[in-house]
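**Q** Listed below are the residues making up each chain.
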Amino acid sequence: MPVSLKDEAAIAGIGLTEFSKKSGVSELSLAAQCIKAACDDAGVSPSEIDGLVTYTLDSTDEIEVARAVGAADLSFFSRINYGGGAAVGTIAQAAMAIATGQASTVVCYRAMNGRSGKRMGQGVSGEITSSDLIHWSWYMPYGMLIPGSWIAMIANKYMHKYGVTREDLGRVAISQRNHALRNPRAYGYGKPLTMDEYLQSKQIAEPLCLYDFCQETDGGCAILVTSTERARDLKQRPAVIRGVTQASTRGQEQMTSYYRDELLSLPEMELAANRVYAMSGLGPDDIDAACLYDAFTSEIIMQLESFGFCGVGEGKELVREGALDIDGRLPNNTHGGLISEGYIHGMNNIAEGVRLIRGESTGQPSKAVAHVLVSSGVGVPTGAMILGKAD
Amino acid sequence: MSARIKPPMGLDNAWWWQMADAGKLGIQRCRGCQTLRHPPRPMCGECHSLEWDAVEASGRGVICSYTVLRHPQFPGYEYPLIIILVDLEEGTRVTSQLVGCAPEDVDFDLPVEMLIHEDPDGFKLPVFKLAGAA
Ligand SMILES: [Zn+2]
Chain A
175 MPVSLKDEAA IAGIGLTEFS KKSGVSELSL AAQCIKAACD DAGVSPSEID
225 GLVTYTLDST DEIEVARAVG AADLSFFSRI NYGGGAAVGT IAQAAMAIAT
275 GQASTVVCYR AMNGRSGKRM GQGVSGEITS SDLIHWSWYM PYGMLIPGSW
325 IAMIANKYMH KYGVTREDLG RVAISQRNHA LRNPRAYGYG KPLTMDEYLQ
375 SKQIAEPLCL YDFCQETDGG CAILVTSTER ARDLKQRPAV IRGVTQASTR
425 GQEQMTSYYR DELLSLPEME LAANRVYAMS GLGPDDIDAA CLYDAFTSEI
475 IMQLESFGFC GVGEGKELVR EGALDIDGRL PNNTHGGLIS EGYIHGMNNI
525 AEGVRLIRGE STGQPSKAVA HVLVSSGVGV PTGAMILGKA D
Chain B
18 MSARIKPPMG LDNAWWWQMA DAGKLGIQRC RGCQTLRHPP RPMCGECHSL
68 EWDAVEASGR GVICSYTVLR HPQFPGYEYP LIIILVDLEE GTRVTSQLVG
118 CAPEDVDFDL PVEMLIHEDP DGFKLPVFKL AGAA
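Protein chains in written order, with the working numbering: chain A, 175 to 565; chain B, 18 to 151.
Heads up, some of the hints might be wrong.
[Unchecked claim] The list that follows gives simulated cross-link-like pairs (lysine to any residue, SDA-like), each with its CA atoms no further than 20 Å apart:
no.	chain 1	residue 1	chain 2	residue 2
1	A	Lys335	B	Val144
2	A	Lys331	B	Ala150
3	A	Lys331	B	Asp124
4	A	Lys331	B	Pro92
5	A	Lys331	B	Val79
6	A	Lys331	B	Ile80
7	A	Lys331	B	Arg87
8	A	Lys335	B	Pro92
9	A	Lys335	B	Val116
10	A	Lys292	B	Pro92
11	A	Lys331	B	Pro128
12	A	Lys541	A	Gly485
13	A	Lys292	A	Ser203
14	A	Lys335	B	Lys23
15	B	Lys23	B	Pro128
16	A	Lys331	B	Asp122
17	A	Lys331	B	Lys23
18	A	Lys331	B	His65
19	A	Lys335	B	Lys41
20	A	Lys376	B	Gly108
21	A	Lys331	B	Asp126
22	B	Lys41	B	Val144
23	A	Lys376	B	Pro120
24	A	Lys196	A	Glu495
If you are wondering where the hints come from, they were derived from the structure by calculation, not from laboratory data.
My request is simple: use the sequences and hints to build the entire structure.
**A** Shown next as structure tokens:
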């Protein structure tokens, strides 16, 4: 009998470190701090943790983390590949482990000195060869070294085809900056952004400029997952996992995927959408707010189409109508997102999804929020999740 | 001045760079079903044959998409750097660089022709210019 993950597990705690450009502490310290904070938030002792999930890119070994926080017996540990594509995938792992009895208290975490330590897109080369390094080698010798260069190729074609303007990307950046203005944790707190500033900012990888990029950040974020039944008795209102999935499709590459027929859409995100909607029994009309992965502004507009909030090529219309704003149809990244809160590889977007369900976001919309959609990295093997309230 | 990043040379990709070194743009071809594929892979996803050879592309194609890289600037590359996706007339697509073209002159659907660029250290890679350009 197949096990559906619908409503089996819930997020009972979220924990964050301070976000900064220079943490001054190790990534292991960041991991331990955010995990302890998630346990405190849930009202659970770290000694109860029996599962840990992180990203393959995370530098902190699970057993180092376990010793640091005083965890005892671990019966489940796994890692997800593909950078920010791992975000929701870690929660899928935790939910599976809980639904199948492999573990009862699983913490998913990502801790990174993403600005002061190893930054993204520093190039790969050398004597060691793997299928992954060979993948990157089709780009590195040509000078495509940074994530923005890989995304720009898709963004440019998409914008050309559907008449998306730089102002449309700017609207996304400004909407999220406006959310960040209410969030003291955010990089963008106290830093308003105008369209003039956006349009005049430095071109990085045309058509993308400085403000289209996320904020390299030092920090950690942990998400504590347990059974929905147990979560009901813990300290916080649970954010129940209505549906969660990973997704990769034919012709999938990491960041590039330039050789498949679909260059104007995100097939892996459409797969994720179909699967989370089917699992949850919900559809786009049921989604009240979202935390769509936003390493780059263009990704938001494309995902509005992937998840069925509008038709093909119509994402820009939703943005122009103000759909992403706090009083809009789909308030999005109400903490500021990776672009204006900080880039903790998408884990902080999951934390915001939980806050929206609890009704505790600094950008809480005035309307009722029953269901929140959260997605993982764009242009990579990815995933999506729908959070809801406990009955 | 340091040189551009060099590709790791593995069993699945070194031949392509060796063809470039010999002045050619290679495309992998399945010997089971003749399907062309790029980037190279050890198995054909259509017929699962492990047998393949390589054909030399004509070098003609059109620009499918592009980006102009301006910042950050890494040693070994010249900026602004125009990166293009080229739909080759053989039907496969390749990522490369457009040379001899001002950033304001690059556009979608323009025809391009391959040439081999050689770095001061002797490393060669296929790049493209606008068709008919000097
Ligand atoms: Zn074949």
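**Q** Against which earlier hints does the structure fall short, listed by number upward?
**A** 1, 2, 4, 8, 9, 12, 14, 15, 17, 18, 19, 20 and 24
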